[in-house]
Each structure stands twice: as structure tokens, then as C-alpha cells.
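Going by UniProt numbering, the residue at position 148 of the sequence shown is 148; the numbering climbs one at a time, nothing skipped.
Any given hint could be a false lead.
Straight line, CA to CA, 35 Å or less: simulated DSBU-like cross-link-like pairs of lysine-lysine [unchecked claim]:
1) Lys253 with Lys348
2) Lys253 with Lys287
3) Lys196 with Lys131
4) Lys196 with Lys253
5) Lys131 with Lys348
6) Lys318 with Lys287
So the derived label-pair ranges between C-beta atoms look like this [stated by the list, open to error]:
7) Gly304 with Gln80: 34 to 40 Å
8) Asn223 with Gly48: 33 to 39 Å
9) Thr105 with Gln206: 44 to 50 Å
10) Ala214 with Arg298: 24 to 30 Å
Calculated directly from the structure, the hints in this document are not laboratory data. All values derive from a computational prediction rather than experimental measurement. A virtual CB, placed ideally from N, CA and C, is assigned to each residue, including glycine.
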Amino acid sequence: MPCLLAARVRFSSMRTSEYDHVDNLVNQVPLWPLLTSRAMLHLLSPGGRRARLSILIYHRVLPCQDPLFPEESHARSFDQQMEQLAACFRVISLGEAIRGLRNGTLPPRAACVTFDDGYADNAEIALPILKKRGIPATFFVATGFLDGGRMFNDTVIELIRGAPGSTVDLDSLGLGRFPIGTVSERRQTIHQLLGKLKYLPSALRQSTVEAMSASIPVMLPDNLMMTSEQVRMMHNAGMEIGGHTASHPILAKMESRAACADIATGKEMLEAIIRAPVRFFAYPNGKPGRDYLPDHVRMVKKLGFDAAVSTAHGAARKGSDLHQLPRFTPWDRRPLRFALLMARNMLKTGETV
1 MPCLLAARVR FSSMRTSEYD HVDNLVNQVP LWPLLTSRAM LHLLSPGGRR ARLSILIYHR
61 VLPCQDPLFP EESHARSFDQ QMEQLAACFR VISLGEAIRG LRNGTLPPRA ACVTFDDGYA
121 DNAEIALPIL KKRGIPATFF VATGFLDGGR MFNDTVIELI RGAPGSTVDL DSLGLGRFPI
181 GTVSERRQTI HQLLGKLKYL PSALRQSTVE AMSASIPVML PDNLMMTSEQ VRMMHNAGME
241 IGGHTASHPI LAKMESRAAC ADIATGKEML EAIIRAPVRF FAYPNGKPGR DYLPDHVRMV
301 KKLGFDAAVS TAHGAARKGS DLHQLPRFTP WDRRPLRFAL LMARNMLKTG ETV
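All chains should be modelled from the sequences, with the hints used to inform the complete structure.
Printed below as a string of C-alpha cells:
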């Protein structure tokens, strides 16, 4: 018991830069009862002006585990994580969280759940789980891929997943030759190709991916993304719908006028679908200083978004930039590690531009 009390004191007195001290607790106290207790999390985020807001980010929730990407969320793991989250945190809507940050009225252990891109499995798999657990969420939708579209990264993933043989030859496209004889090799090839393609100019990236599609004999799926009707259904179910641009570009790689138009188009399309204001935005890819710049923050404000989220790790608090709120997901599915990673993240402020 003295050890537990000492650990509680150490947690309550930590500074943001001292989050690494959490790791030291691994060898001092039983972490599972410590980190999953509401009382301990209350010390990290006691509510009001001292509260910290944890915003989780997800993309897909698959029906079952994907052999190619076993770490990707699927129905069972997502349900378990939402159960864990609801037991340890007060999960609120992003709208309620923004009001709490502004007014200094966040509840203790406040958390939000968000999804990026607009995958169909968000509506088909994630929504029923969220409703079962009574958890609100915000879905940031890239409108250019609705109703049968497909993002470039998913095209690459599905091409390599289904490519025949043990090698894929993309030398003619300037990309090289890659081994695909094993699941591990396919996964590594996907990782390498996405790294080569992600930061290319949009037109060049699109033409390169189209050339890949022409050279690899794979039937590509056209049902990965939500339909407009599914977006409307999510809104009618009480979920928040947020902007995520139309074409999911790397904003920092675009001319300013084109970037602003892409953000605005996505907002307008969503508002036409749900017949309601779209008040929140997620920067595509979302790394401050690399994927978006100060100009884009100003654009988002000027276009009328109340708040925006990045992919910088950390937890928001009163005084945080509401148009650069950090997000985090503890990808480790083990309950103890989930709790540890959430606690560590609550002690970071989040990078901004």
C-alpha cells in the first residue's frame, strides 16, 4: 500500500516533460490495477481547468483480423478497446469537448473517439459497437472517395495483396522490384511503396498508381468507402461528421488556393449530404509542419470550422489551440499496455505549427 500511495504522489506531481517516468513505474507497482483505476486517471485529468482531453484516432474497423495487417482494428478488438475506454474514461462528443476546453469545464478523464477518411466499415462495423457501448464519435470524411471511390493507399494495398507470383516488377515506373513471396514480404513491399508515393505531387502520384493498376492483374474493390447515404445515416444516428478535404491531399504540397478550395469543397459536400453545418476538420495525414502549415490553420478558421485535429500525439487542455488538437491511439491491444500508453500520452501537450 505505501508503494501505491507513493506512486500516486509521483503521478500527481509529474510535469509534461517527465512522461518517461511512467515507464519506471513498471518495475515498482502492479500497473494493471494502478493504471486502470478511475482514481489514478483522475489524478492525471481531474476535470475543470486542469483537465486533459484524450482524443483517439481510428481509420478502419475490419470484420475480422487481417492476416496482412494483424494490428489493424477489427470488430472484436475494437469492442474490447471501447469497453476498456468507457470503463476508464468519460467519453464525450467532440462538440462537448470543445465547449469544455473553451470554458474550463471538461469532466474528469475526458476522452473522444474519432475516425478518419470515411471507410464503409465505420458504418457497418464500428457504428453498431459504438451504439452498444453508448459512445459518441466524430467521423472525418474525405468526400471525393464516397460512393465507390478508393484512396491511393488502398489501391496499393489491394494490388500487392492480390498480386500473383513471388515478385512484383515496377521498374518501368521507377519504383523497383519487390519480393512478395510471403505475407511479411507483401507487408514490407506495401510499406515501401506507400513511403515512395505519399509525398509525390498529387497528379504524379495518381498517374503512377493508375499505371500500377494497369500492370498488376488484380480486381480492385469499389466498396471500401462509405456511400453518401451511409454518411447521412451516421449523422442521423447522432454521430458527428467532420471535414477531411475532398481529395485527401498533403496540404503542405499544394498551392495555397488549391488547398483552400479542397478544404472548402469537402465541407460543402458534407453539408449538402447531412443538411447540417460541418464544424470540425481533420488535417489529412495530420503531421504539424510536414503535412500542414500555419497557412492551412488560418484557412480552416476562415472557412468557419470551430476546431480541427492533427495526428500529433498528446492530450489537449485549456489554452490548447482548438484548431490543432492532438490525437493518439494506443495500438497495443493488450489491456495493460493500453492503459499505460494512454497515461503516458495524457502527459504530452501535442506539437503544433
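Hint-by-hint comparison with the structure:
A hinted pair counts as satisfied when its Cα atoms are at most 35 Å apart, and Lys253 with Lys348 qualifies at roughly 28 Å. For the given pair, Lys253 sits about 13 Å from Lys287 by alpha-carbon distance, which is consistent with the 35 Å threshold. The hinted pair formed by Lys196 and Lys131 fails the criterion: a straight-line CA distance of about 39 Å is larger than 35 Å. With a C-alpha separation of about 15 Å, the suggested pair Lys196 and Lys253 falls inside the 35 Å cut-off, and the hint holds.
At most 35 Å may separate the alpha-carbon atoms for a hinted pair to count; Lys131 and Lys348 meet this at roughly 30 Å. With a C-alpha separation of about 22 Å, the suggested pair Lys318 and Lys287 falls inside the 35 Å cut-off, and the hint holds. Remark: the range hint 34 to 40 Å for Gly304 to Gln80 is upheld by a beta-carbon distance near 38 Å. The supplied range of 33 to 39 Å is broken by Asn223 and Gly48, whose beta-carbon atoms lie about 45 Å from each other.
At roughly 46 Å, the beta-carbon separation of Thr105 and Gln206 lies within the given 44 to 50 Å, and the hint holds. Checked against the given bound of 24 to 30 Å, the beta carbons of Ala214 and Arg298, roughly 40 Å apart, lie outside it.
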